[in-house]
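Trainee: If you want the building blocks of each chain, they are given just below.
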Amino acid sequence: MPSIAVKKHAGAPTREEKEKIDKFFLRTKGKVVFKKKIKKAKENLKKAKLI
Amino acid sequence: MNLTTYPFERENNELQFSFISINSEGENRVIKIIAYDIINKDKAIYYNLGFGDLNLETGEVDNESESNNGDMRKIFSTVVSTLPYFFEVHPTKKVHLDGSSSIRKRYYHKLVRDYYERIKEHYLVEGCLDGKIELFVPGTEYDFILISLK
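First to last, the protein sequences are chains A and B.
Heads up, the first sequence is in this note's numbering, so the first residue is 81 and it goes up one at a time.
Heads up, the second sequence is in this note's numbering, so the first residue is 162 and it goes up one at a time.
Hints in this document: simulated from the structure, not taken from any laboratory.
Every residue, glycine too, gets a C-beta built ideally from N, C-alpha and C.
Please note that the accuracy of each hint is not assured.
Computed cross-link-like contacts, DSS-like style, restricted to lysine-lysine with a CA-CA straight-line distance of at most 30 Å [unchecked claim]:
no.: 1; chain 1: B; residue 1: K254; chain 2: A; residue 2: K120
no.: 2; chain 1: A; residue 1: K111; chain 2: B; residue 2: K202
no.: 3; chain 1: A; residue 1: K129; chain 2: A; residue 2: K116
no.: 4; chain 1: A; residue 1: K98; chain 2: B; residue 2: K311
Footprint (simulated), chain B over chain A, 3 or more residues, beta carbon under 8 Å [unchecked claim]:
no.: 5; segment: 95 to 107
no.: 6; segment: 112 to 118
Isolated chain A (complex conformation):
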């Protein structure tokens, strides 16, 4: 398994931001997040005869 060294920077979410993020993920749990992108990705894969 390749490892990636990540340089950390300031930018941790505030409590309010964390609440928004948690709320979002709770709502999308088990669901496709980027629906529009899936449509385009399917078209791409079909064009390349991969699906």
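Based on the hints, put chain B in the right spot on chain A.
Mentor: Frame of chain A, contents of chain B only:
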């Protein structure tokens, strides 16, 4: 592969991540969401790597918005730095990478090109050109990119 990235948080062991984008003054905070979505449930080989801004008013993600924080490269680096987490869960699957705009597509290509020598040590990178899949050739602008573990 040393990338300058934002610190990101993984959502409950899911293949979903979040991080905060800020401008050079540390302002204009934008919540970014990264997700690996399965593309075709019947042939569950391909997953799409997507990212976008979380709109605080609507609670929706927008993968076409521009936060104009001047940190595009750092954002893209953060997005691709989640790849090891994906392959830890799905070592035999492939990640589909395509920008939602020509600018974003170019950024992905540029990032893969810049780090290709190190990326190819661990990953197989393929590009699709006019409906045909080939081994990634740096400098070529592909319709989309596929990444898998070697």
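Trainee: Now look at each hint and say whether the structure bears it out.
Mentor: Verification of the supplied hints:
1. K254(B) x K120(A): holds (19 Å)
2. K111(A) x K202(B): holds (12 Å)
3. K129(A) x K116(A): Holds: K129(A) and K116(A) sit about 20 Å apart, inside 30 Å.
4. K98(A) x K311(B): violated (36 Å)
5. 95 to 107: Contact hint for the segment 95 to 107 of chain A vs chain B: holds, 7 residues under 8 Å.
6. 112 to 118: holds (count 6)
Consistency with the previously given hints fails for number 4 only.
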